[in-house]
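Each chain, letter by letter, is given below.
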Amino acid sequence: MSIERIDPELCTGCGICVNSCPMDVIRMDEEGEKAIIKYPEDCMCCDYCEYDCPVDAIYVSPEKYAPLMISWC
Amino acid sequence: MLKESWPTFQDLVAWNVEFPVEIDKMNDYERVTYSKKYQPAFLAPPFGKLPLRHRKTAPVLRKQAEKAGAKIMDRITVTDLLKQDGQVVGAIGFPAESYDLYIFKAKATVISGGNSCFRSPGYHTSMLTGDADGMAYRAGAEITGKEFPDTHFNLANYPAWKSNAELYPAYFYFTDAEGKYIEHSGMDLSMAFTVHAGKGPVLYDLDAATPEDVASMQEYIRKRANPVEVERIGLDVSRGGKYQVIGGSAAGYSDPQTSGIWVIDTKGTTSLPGLYAAGDCCGTRACGAIHTAGGWGLAGAAVTGKRAGAGAAEYALQAEKPVIDEEELARLKKIVYVPAERKGGFSPRWVTQLLQNTMTPYFILYIKHGERLQAALTIVEFLRDHLVPKLMVKDAHELRLAHETKNMVFNAEMMLRSSLFRTESRGVHYREDYPRRDDPPWLAWTKIKEEQGRMKLLKEPVPKEWWPDLSKPYKERYDLRFPGESVE
Chain C
833 MSIERIDPEL CTGCGICVNS CPMDVIRMDE EGEKAIIKYP EDCMCCDYCE YDCPVDAIYV
893 SPEKYAPLMI SWC
Chain L
148 MLKESWPTFQ DLVAWNVEFP VEIDKMNDYE RVTYSKKYQP AFLAPPFGKL PLRHRKTAPV
208 LRKQAEKAGA KIMDRITVTD LLKQDGQVVG AIGFPAESYD LYIFKAKATV ISGGNSCFRS
268 PGYHTSMLTG DADGMAYRAG AEITGKEFPD THFNLANYPA WKSNAELYPA YFYFTDAEGK
328 YIEHSGMDLS MAFTVHAGKG PVLYDLDAAT PEDVASMQEY IRKRANPVEV ERIGLDVSRG
388 GKYQVIGGSA AGYSDPQTSG IWVIDTKGTT SLPGLYAAGD CCGTRACGAI HTAGGWGLAG
448 AAVTGKRAGA GAAEYALQAE KPVIDEEELA RLKKIVYVPA ERKGGFSPRW VTQLLQNTMT
508 PYFILYIKHG ERLQAALTIV EFLRDHLVPK LMVKDAHELR LAHETKNMVF NAEMMLRSSL
568 FRTESRGVHY REDYPRRDDP PWLAWTKIKE EQGRMKLLKE PVPKEWWPDL SKPYKERYDL
628 RFPGESVE
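Those protein sequence lines, which keep their order, are chains C and L. The first sequence runs 833 to 905 under our numbering. The second sequence runs 148 to 635 under our numbering.
There's no promise every hint is true.
Not the full set, but computed from the structure, chain C residues with beta-carbon under 7 angstroms of chain L [stated by the list, open to error]:
1) G845
2) M855
3) D856
4) Y871
5) P872
6) M876
7) C877
8) C878
9) K896
10) C905
For lysine-lysine, the following DSBU-like pairs were computed, each having C-alpha atoms within a straight-line distance of at most 30 angstroms [what the hints assert, rightly or not]:
11) L:K203 with C:K866
12) L:K203 with C:K870
13) C:K896 with L:K541
14) L:K414 with L:K218
15) L:K611 with L:K414
16) L:K541 with C:K866
17) L:K480 with C:K896
18) L:K480 with C:K870
19) L:K481 with C:K866
20) L:K541 with L:K480
21) L:K218 with C:K896
22) L:K481 with C:K870
23) L:K541 with C:K870
24) L:K611 with L:K150
Quick caveat, the hints were computed from the structure, so don't treat them as lab data. Virtual Cβ for every residue (Gly too), placed ideally from N, Cα, C.
All chains should be modelled from the sequences, with the hints used to inform the complete structure.
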């Protein structure tokens, strides 16, 4: 499922992953303390967030699923 | 381009960018390629030698820019260029997290919005949605080379994961369903030809690797690739195996700098006063009709960035202070927020999916025929005229998606129209109904320009000094063959 988790116990809230993500998938939580996965469907599995995270709090899975084709949306 | 990439690379070295490869210690052959057996001249030095996950350049470049007095603003989606009296005088956009409007006024503007794709999986280009081409075209610039698609592929088991891209510069060995080696000349259409002939699936055949090949791959993974990328999908090159390969990993993407904004000199000057182009969106035509070598995009970006920066600075020194036309600003501002103001309409993600389904099949994008191109164009025109104007969003993140979707649809139209216009085959542009190069009529570049609200196609002849030797028989002039091509 592409980006799978950001471990809240490990995340220090540095925000590096927010800037690393070219797809704007990650945001800071409302308190601005922890990074959260806000738009997982737009993750492109580039792995930059995981690569850049200084405390290894992020895991990106190699799996990604496309939505079903439907008549309108 | 190659010549100037070396001193540009040395700039990075002088600024203390850390590189895991010792470029200076390589001999000339190693500078060119890792894979001695299958892929001569695959990697363009020196940028082709960098790890695919090299993340240490950008922070250094940012520091250098800030040291020179630049103010960097991140996470802003630029939607359109601003014009006044025929000159580009800046751009407008909005930030990732709100509907605020940002207006950038500039004596000179460098556009470096990257290449294009249809959010295709596996090559990590989903953020490159043809925005630069779209903005420049709408402002009146010319766009070139859209008929030459990129042909990246990936492993079928994890199509979104950049996995075999980590390996194929070290081992480029693919077979068809009958186990026959697929003859190729780099990033060409050979896999699409195989599939079209009913000889798929294409297989990445590690069983055919010699111990030397395996050692070469292992060295490559260690030095240039990210081992995690390979390990996470359970790929152990020493175990061998046959892995099915899928196409379209960068559908919508074009060969770096073959396509993009037409530039009229080596300073990145476009046909629009005040606008300079750099990077993948800079249509230098240096790459030609087929992908030249790995690392080419990065080398080209480094060189054109340096050149365009200097060109824009020169222009800015003599330019008047920019004045923004309030009427034009109001018009563009309205366009920015239309999707946010709609109460009903269509989701950008769904329209993108429709576009992917229309454009990605191999028989549209790679194996072309006039009838199929026209059919796809009919659908794309419908998306453009009926769905894109009714895109609807619920926040700033989706507003970005809406603008990107608009530009992807626009990019698809340009690709289809350029492909229809070039009535021949050349490089990675293959027309079943015109399976032969047409010299000299098509020793020419295509250009697209807006005229009365429509795309006008133009032909720009390649200078005669760059022509092939036309006194040679066709068969000798070109050694890459197309299916159905007559060589007499």
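Now the hints, each set against the structure:
1. G845: Check failed: Cβ of G845 (chain C) comes no nearer than 16 angstroms to chain L, outside 7 angstroms.
2. M855: holds (6 angstroms)
3. D856: holds (5 angstroms)
4. Y871: holds (6 angstroms)
5. P872: Not OK, violated: P872 (chain C) not within 7 angstroms of chain L, min 12 angstroms.
6. M876: holds (4 angstroms)
7. C877: holds (5 angstroms)
8. C878: holds (4 angstroms)
9. K896: OK, holds: K896 (chain C) within 7 angstroms of chain L, min 4 angstroms.
10. C905: Given a least distance of 4 angstroms, the restraint on C905 (chain C) holds.
11. L:K203 with C:K866: holds (24 angstroms)
12. L:K203 with C:K870: Holds - the C-alpha atoms of K870 (chain C) and K203 (chain L) are around 26 angstroms apart, at most 30 angstroms.
13. C:K896 with L:K541: holds (24 angstroms)
14. L:K414 with L:K218: holds (23 angstroms)
15. L:K611 with L:K414: holds (23 angstroms)
16. L:K541 with C:K866: holds (23 angstroms)
17. L:K480 with C:K896: violated (36 angstroms)
18. L:K480 with C:K870: holds (27 angstroms)
19. L:K481 with C:K866: violated (35 angstroms)
20. L:K541 with L:K480: holds (18 angstroms)
21. L:K218 with C:K896: violated (37 angstroms)
22. L:K481 with C:K870: Within the cut-off at roughly 27 angstroms; holds.
23. L:K541 with C:K870: holds (14 angstroms)
24. L:K611 with L:K150: holds (23 angstroms)
Of the numbered hints given earlier, the model fails hints 1, 5, 17, 19 and 21; all others are met.
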